[in-house]
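Order-wise, the sequence lines are chains A and B.
Counting from 1, one number per residue, gives the positions in the first sequence under my numbering.
Counting from 1, one number per residue, gives the positions in the second sequence under my numbering.
Careful, some of the hints might be misleading.
[Claimed, not checked] Pairs of lysine-lysine residues, derived as DSSO-like cross-links and limited to a Cα-Cα distance of at most 27 Å, are as follows:
{"hint": "1", "chain 1": "A", "residue 1": "Lys591", "chain 2": "A", "residue 2": "Lys572"}
{"hint": "2", "chain 1": "A", "residue 1": "Lys401", "chain 2": "B", "residue 2": "Lys272"}
{"hint": "3", "chain 1": "A", "residue 1": "Lys252", "chain 2": "A", "residue 2": "Lys292"}
{"hint": "4", "chain 1": "A", "residue 1": "Lys401", "chain 2": "B", "residue 2": "Lys271"}
{"hint": "5", "chain 1": "A", "residue 1": "Lys313", "chain 2": "A", "residue 2": "Lys591"}
{"hint": "6", "chain 1": "A", "residue 1": "Lys379", "chain 2": "A", "residue 2": "Lys401"}
{"hint": "7", "chain 1": "A", "residue 1": "Lys5", "chain 2": "A", "residue 2": "Lys34"}
{"hint": "8", "chain 1": "A", "residue 1": "Lys34", "chain 2": "A", "residue 2": "Lys252"}
{"hint": "9", "chain 1": "A", "residue 1": "Lys369", "chain 2": "B", "residue 2": "Lys277"}
{"hint": "10", "chain 1": "A", "residue 1": "Lys83", "chain 2": "A", "residue 2": "Lys5"}
{"hint": "11", "chain 1": "B", "residue 1": "Lys271", "chain 2": "A", "residue 2": "Lys369"}
{"hint": "12", "chain 1": "B", "residue 1": "Lys277", "chain 2": "A", "residue 2": "Lys401"}
{"hint": "13", "chain 1": "B", "residue 1": "Lys271", "chain 2": "A", "residue 2": "Lys83"}
{"hint": "14", "chain 1": "A", "residue 1": "Lys292", "chain 2": "A", "residue 2": "Lys83"}
{"hint": "15", "chain 1": "A", "residue 1": "Lys323", "chain 2": "A", "residue 2": "Lys5"}
{"hint": "16", "chain 1": "A", "residue 1": "Lys313", "chain 2": "A", "residue 2": "Lys555"}
{"hint": "17", "chain 1": "A", "residue 1": "Lys369", "chain 2": "B", "residue 2": "Lys272"}
{"hint": "18", "chain 1": "A", "residue 1": "Lys465", "chain 2": "A", "residue 2": "Lys252"}
{"hint": "19", "chain 1": "A", "residue 1": "Lys555", "chain 2": "A", "residue 2": "Lys379"}
{"hint": "20", "chain 1": "B", "residue 1": "Lys272", "chain 2": "B", "residue 2": "Lys149"}
{"hint": "21", "chain 1": "A", "residue 1": "Lys292", "chain 2": "A", "residue 2": "Lys272"}
[What the hints assert, rightly or not] Label-pair distances were calculated between CB atoms; the ranges are:
{"hint": "22", "chain 1": "B", "residue 1": "Ser296", "chain 2": "A", "residue 2": "Glu261", "range": "39 to 45 Å"}
{"hint": "23", "chain 1": "A", "residue 1": "Asp96", "chain 2": "B", "residue 2": "Glu309", "range": "28 to 34 Å"}
{"hint": "24", "chain 1": "B", "residue 1": "Met96", "chain 2": "A", "residue 2": "Arg333", "range": "25 to 31 Å"}
{"hint": "25", "chain 1": "A", "residue 1": "Ala15", "chain 2": "B", "residue 2": "Met96", "range": "50 to 56 Å"}
{"hint": "26", "chain 1": "A", "residue 1": "Gln545", "chain 2": "B", "residue 2": "Glu298", "range": "39 to 45 Å"}
{"hint": "27", "chain 1": "B", "residue 1": "Asn171", "chain 2": "A", "residue 2": "Ala430", "range": "46 to 52 Å"}
{"hint": "28", "chain 1": "A", "residue 1": "Val436", "chain 2": "B", "residue 2": "Lys271", "range": "16 to 22 Å"}
{"hint": "29", "chain 1": "B", "residue 1": "Lys271", "chain 2": "A", "residue 2": "Tyr156", "range": "56 to 62 Å"}
{"hint": "30", "chain 1": "A", "residue 1": "Arg441", "chain 2": "B", "residue 2": "Ser296", "range": "33 to 39 Å"}
Derived from the structure by calculation, the hints contain no laboratory data.
If you're wondering where the values come from, they're calculated on a predicted model, not measured in any experiment.
Glycine included, C-beta positions come from ideal geometry on N, C-alpha and C.
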Amino acid sequence: MSLVKIENLYWRYPAFVGELNPWALQGVNLEIEKGEFFGITGPSGAGKTTICKSIMGLLPHAMRVPANMVNEHFTGSVQVMDKLVGGVNPEANVVDGTPRGELLGEPVRPPLAGMVFQDPENQFLTMSLLYEVAFGLQLLGLESDEIDERVREALYMVGLGHLWDNAENIHPADLSGGQKQRVAIASFLAMRPDLLILDEPTSDLDPIGKSEVIATVRRLKEEHDLTVVLVEQDPEILFDFCDRIALVCNGKVDLVAEPEEFYSQFEFLDEKGAYTFEVSRIAYRAGVCSEKEVPRSIVEARSILTQVTGEPKDDLVDPVSEKVIEVNDLWYRYEDGTVALLGADLVLRRGETRGLLGNNGSGKTTLAKILTGIYSPWKGECRVLGEDVFQRRVRRELPMKIGYVFQNPDHQIFTRRVYDEVAYGLGCVAVPEDEVEPRVREALERVDLADLADEDPLFLGKGQKQRLAVAAVLAMRPEVIIVDEPTTGQDYRMVSSIMALLEELHDAGGTVLIITHDMTLVANYCQTVTVLRDGRTVFEGTSRQLFSSPDLLEKAQLRAPQAISLSCELRKDRAEFPLLLNEREWLEALKRET
Amino acid sequence: MSEATLTDSTAPGRGQKWVRTFLFSMRIDSPLAGLHAITKFVLVLGVSLVLMGMISTARPDPVGCILLVALAFLLLWLSGVIRWLFRSYLVVIFPMLLSLFLSWIVFNPNPGTRILFSRQTYSGVLNVGVSVAMVLFVVIIVGYYLFTKQLYWGIIGAVIVALIISQTPLNLSWTFVSFPFHQPLTLIISDQTVYVAATKVLGYGAMVLMTFLLVLTTRDIEVVGALRKVPGMPYVICLFSSLMLRSLNIAMIDFSTVRQAQVARGVNVQKKNILAKIRDMAYLTVPLIANMMRRSTEISDALSARGYEMGSKPTVYREVKPFHIVDYLLIVGTVVLVVGVLAAGLNITDLVLGLVSGLRA
Chain A
1 MSLVKIENLY WRYPAFVGEL NPWALQGVNL EIEKGEFFGI TGPSGAGKTT
51 ICKSIMGLLP HAMRVPANMV NEHFTGSVQV MDKLVGGVNP EANVVDGTPR
101 GELLGEPVRP PLAGMVFQDP ENQFLTMSLL YEVAFGLQLL GLESDEIDER
151 VREALYMVGL GHLWDNAENI HPADLSGGQK QRVAIASFLA MRPDLLILDE
201 PTSDLDPIGK SEVIATVRRL KEEHDLTVVL VEQDPEILFD FCDRIALVCN
251 GKVDLVAEPE EFYSQFEFLD EKGAYTFEVS RIAYRAGVCS EKEVPRSIVE
301 ARSILTQVTG EPKDDLVDPV SEKVIEVNDL WYRYEDGTVA LLGADLVLRR
351 GETRGLLGNN GSGKTTLAKI LTGIYSPWKG ECRVLGEDVF QRRVRRELPM
401 KIGYVFQNPD HQIFTRRVYD EVAYGLGCVA VPEDEVEPRV REALERVDLA
451 DLADEDPLFL GKGQKQRLAV AAVLAMRPEV IIVDEPTTGQ DYRMVSSIMA
501 LLEELHDAGG TVLIITHDMT LVANYCQTVT VLRDGRTVFE GTSRQLFSSP
551 DLLEKAQLRA PQAISLSCEL RKDRAEFPLL LNEREWLEAL KRET
Chain B
1 MSEATLTDST APGRGQKWVR TFLFSMRIDS PLAGLHAITK FVLVLGVSLV
51 LMGMISTARP DPVGCILLVA LAFLLLWLSG VIRWLFRSYL VVIFPMLLSL
101 FLSWIVFNPN PGTRILFSRQ TYSGVLNVGV SVAMVLFVVI IVGYYLFTKQ
151 LYWGIIGAVI VALIISQTPL NLSWTFVSFP FHQPLTLIIS DQTVYVAATK
201 VLGYGAMVLM TFLLVLTTRD IEVVGALRKV PGMPYVICLF SSLMLRSLNI
251 AMIDFSTVRQ AQVARGVNVQ KKNILAKIRD MAYLTVPLIA NMMRRSTEIS
301 DALSARGYEM GSKPTVYREV KPFHIVDYLL IVGTVVLVVG VLAAGLNITD
351 LVLGLVSGLR A
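With the rest of the complex left out, here is chain A (with noise of 0.2 Å):
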């Protein structure tokens, strides 16, 4: 019997002033059986969210469609256990001679099914642990004694049963990212729904919160018979959890599969943006194998992807260049106490792409933010082009120096008009007025947004409001850029075009410092790394001494790309088989051969 049944629904969201937008839905098909584990995936902006909220009845219900335009904004239907969530009666409401149509069908009511959503922050609506789990059952109608004992068994389910003799004590600011998206979890299975879906639930999380998160919904699945939709974009996970898989793209469903059989279609898969498995990649483009036998695990790769010739080498800087950044034995303690670095360590060299690596609460974006000069250093010697970062003089010229492009563009989009953006930080430092059109008219080239320059910066795309920071640091012309997280919450896409630009830049001879907690990132892009736990630096070297280790990986609480992976793997058996240690030194090992 299916859960939840789409038919041929289209929908636009309505807009504020002027014309209509686009339909965000053209023509979704989609069924989900009961005890179902249904994952979606597909490019950012394709519509994943908007079918999620359809299933709710979020929309159209919540969303204030004009009362004589129904027609134009919703059409086809969604059910959930044979019930109508969302529906229309187009010949109803007849003004004017003719029918505007009518919204039939109520949102779905907890605890049939919740929804958790991708921002942690955002869906944590009280101001205490017990408060915010207990919310839903209130509303409920429980009584205290059923509430305590569900929220308790709640919190159990999703590991943090810790927590609950002191719940109520427990602000959201004493969580961790992992932990709040986790109680978001426990506060709809609180409810004991039938139906749970989770958007994107791990996009802003380190790997250790992810893993939380996954092993917290894996479990559930087991334990508890339970339908669960799952919006993702890593193929890892869709892969191992996931009962049927849905592509979704331009608000249409292009394909529904089992795992094996949807990510052997790999020509599909990649031409349509989504994102698709290293070994895949790798056996597919360096044509060692049929679409149809594409490896998706390192044991299926290992047996294709055995005939390599060459050795690869490291792209490394002359060890002599120039220490643009020297930080030796760095402290740093807020004001209310903690300390955030306890002997930190970092050296970059000019003309370096440097990775800087570790989970949240690391210490990483406090290093970031002293090199920058918004944090002042407590104790240790940190340098920069030689100068002492303890000097408040220093201190203060420092954003000259030192580009940070933070890792939410919404919060560092100053004007109105992507022009006056790129301008701004010019204007800051007293650039001659001579030389900031040309300086800003470069810097948006190079992003490649020079058409958008009088467009208003708020109502860019994600993505290209990331170029945008890019560009407004690039303009300022800086010895070293620090990109801050460039990768999270986004597309296949997405990424290749902001790290094609990374790569032009380091190849222009620029210095960049990554902050990321993408691994494959780190392999493709950045030679070295530094890896911080706990406010002190645990590595410093080149990214293949620290994929190829198990022992660093464990010590670093670190994963490996399938990539590396697969050649360690590979070397256990034979010991002459190169380190390979990205998609592009495999391809080009595997040319080689053939």
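Following the hints, position chain B against chain A.
Here is chain B on its own, set in the frame of chain A:
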């Protein structure tokens, strides 16, 4: 995935000793943590009223004030917030109380029973004339400005020189006209002015500390709970105030991030005057409002997903705290004290003095 990754060592929970409040955090075992929010509010309001009576000029009650200051310190200490309060706010509190003390003494001439210091500051006659000190004052400032194009140290130096000269016989002066204006002013420091000033400082000090105590030991959730207890209060107001507090909390985090992003763009590279700094602040509104709008739609989706709709009436859970006996006792006690001091003229200093002289006799 092993169980080990599911129970994190950094997590709060068992063994947690602190809980976040409006301002900073307090110890979980603070005696104030168990009190009802309404009790705390009545307590602080009552104590402030009592203090208003205690610092009256006619019948100051320094011993009462000292007792209340001591009580405030004790409670701050038991709540574990005293070190934080001193580190963050002493810079403000101490000069504030000191200036209160000085201005009271200067502007309230009261001979009392013993005059400690007295000096006429104004004779009641205005003289229009010129003196050596005045000329030097002007010459030094103008000269310093001409040479250095700066004023600050010129003014300081001129004041010092003029003060020194005016105290010596070198300060020749010529008066052109003189006429009487206002009455003569005298600075009098007597036992009475010091006594009253000290009481006032102690009293205001106790009020400040008590107010800090309230915001340092009250949690936002308590306020929401107290609101739900008010008869006839629609739930939507309780929910709205709760969401308001939570959004403020998020907005503060956004603000600091946005401000840092602005610093990273170089706003502080140049030295700026106050107007330019205000303009910089205005730029912050673009990202702040953009974020707020994004968050508000997401929060309303999250509310709907939990099943909230207009008119929902959730059941009462633990946020509505019961009144304990100790709450009633404290409120009654506070009312008795207020009535005692304000209506019946209770004065602890007099009581203590009476007791001491009674014991002697």
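Going through the hints against the structure:
1. Between A/Lys591 and A/Lys572 the alpha-carbon distance is near 23 Å, which keeps this suggested pair within the 27 Å criterion.
2. Distance restraint check for A/Lys401 and B/Lys272: the Cα-Cα separation of roughly 20 Å lies within the 27 Å cut-off, and the hinted pair is therefore satisfied.
3. Only pairs whose Cα atoms come within 27 Å are accepted, and A/Lys252 paired with A/Lys292 is accepted, the gap being roughly 24 Å.
4. In summary, the hint linking A/Lys401 to B/Lys271 is supported, as the alpha carbons are separated by about 18 Å, within the 27 Å threshold.
5. At most 27 Å may separate the alpha-carbon atoms for a hinted pair to count; A/Lys313 and A/Lys591 meet this at roughly 16 Å.
6. The suggested pairing of A/Lys379 with A/Lys401 holds, with an alpha-carbon distance near 22 Å, which does not exceed 27 Å.
7. For the hint pairing A/Lys5 with A/Lys34, the CA-to-CA distance comes to about 11 Å; that is within 27 Å, so the pair holds.
8. A hinted pair counts as satisfied when its Cα atoms are at most 27 Å apart, and A/Lys34 with A/Lys252 qualifies at roughly 22 Å.
9. Pair hint A/Lys369 plus B/Lys277 holds up; C-alpha atoms about 21 Å apart against a cutoff of 27 Å.
10. For the suggested pair A/Lys83 and A/Lys5, the alpha carbons sit about 10 Å apart, so the restraint of at most 27 Å is met.
11. This hinted pair checks out: B/Lys271 and A/Lys369 have alpha carbons roughly 21 Å apart, not beyond 27 Å.
12. Restraint check: the Cα-Cα separation between B/Lys277 and A/Lys401 comes to about 22 Å, which is no more than 27 Å; the hinted pair holds.
13. A threshold of 27 Å between alpha carbons decides the hint, and for B/Lys271 with A/Lys83 the separation of about 65 Å lies outside it, so the pair is violated.
14. A hinted pair counts as satisfied when its Cα atoms are at most 27 Å apart, and A/Lys292 with A/Lys83 does not qualify at roughly 40 Å.
15. Distance check on the hinted pair: A/Lys323 and A/Lys5 sit about 61 Å apart at the alpha-carbon level, beyond 27 Å; violated.
16. About 25 Å separates the Cα atoms of A/Lys313 and A/Lys555, which keeps this hinted pair within 27 Å; it holds.
17. Note on A/Lys369 and B/Lys272: the hinted pairing holds, with a Cα-Cα distance of about 22 Å set against a maximum of 27 Å.
18. Annotation: proposed proximity of A/Lys465 to A/Lys252 holds, straight-line Cα distance about 25 Å (limit 27 Å).
19. For the hint pairing A/Lys555 with A/Lys379, the CA-to-CA distance comes to about 26 Å; that is within 27 Å, so the pair holds.
20. A distance of roughly 19 Å separates the Cα atoms of B/Lys272 and B/Lys149; the hinted pair therefore holds under the 27 Å criterion.
21. Only pairs whose Cα atoms come within 27 Å are accepted, and A/Lys292 paired with A/Lys272 is accepted, the gap being roughly 18 Å.
22. For B/Ser296 and A/Glu261, the hinted distance range of 39 to 45 Å is satisfied, since their beta carbons lie about 42 Å from each other.
23. Range check, A/Asp96 to B/Glu309: about 33 Å between beta-carbon atoms, so the 28 to 34 Å window is met.
24. Hint check: B/Met96 to A/Arg333, Cβ distance near 28 Å, so the stated range 25 to 31 Å holds.
25. Range check, A/Ala15 to B/Met96: Cβ separation about 54 Å, and the 50 to 56 Å hint holds.
26. For A/Gln545 paired with B/Glu298, a C-beta distance near 42 Å keeps the hint of 39 to 45 Å intact.
27. Separation of B/Asn171 from A/Ala430 is about 50 Å and conforms to the stated range, judged on CB atoms against 46 to 52 Å.
28. As the Cβ distance of A/Val436 to B/Lys271 is approximately 21 Å, the hint placing it in 16 to 22 Å holds.
29. With their beta carbons about 58 Å apart, B/Lys271 and A/Tyr156 fall inside the hinted range of 56 to 62 Å.
30. The beta-carbon spacing between A/Arg441 and B/Ser296, approximately 36 Å, falls within the hinted interval of 33 to 39 Å.
Checked against the numbered hints given earlier, the structure breaks hints 13, 14 and 15 and satisfies all the rest.
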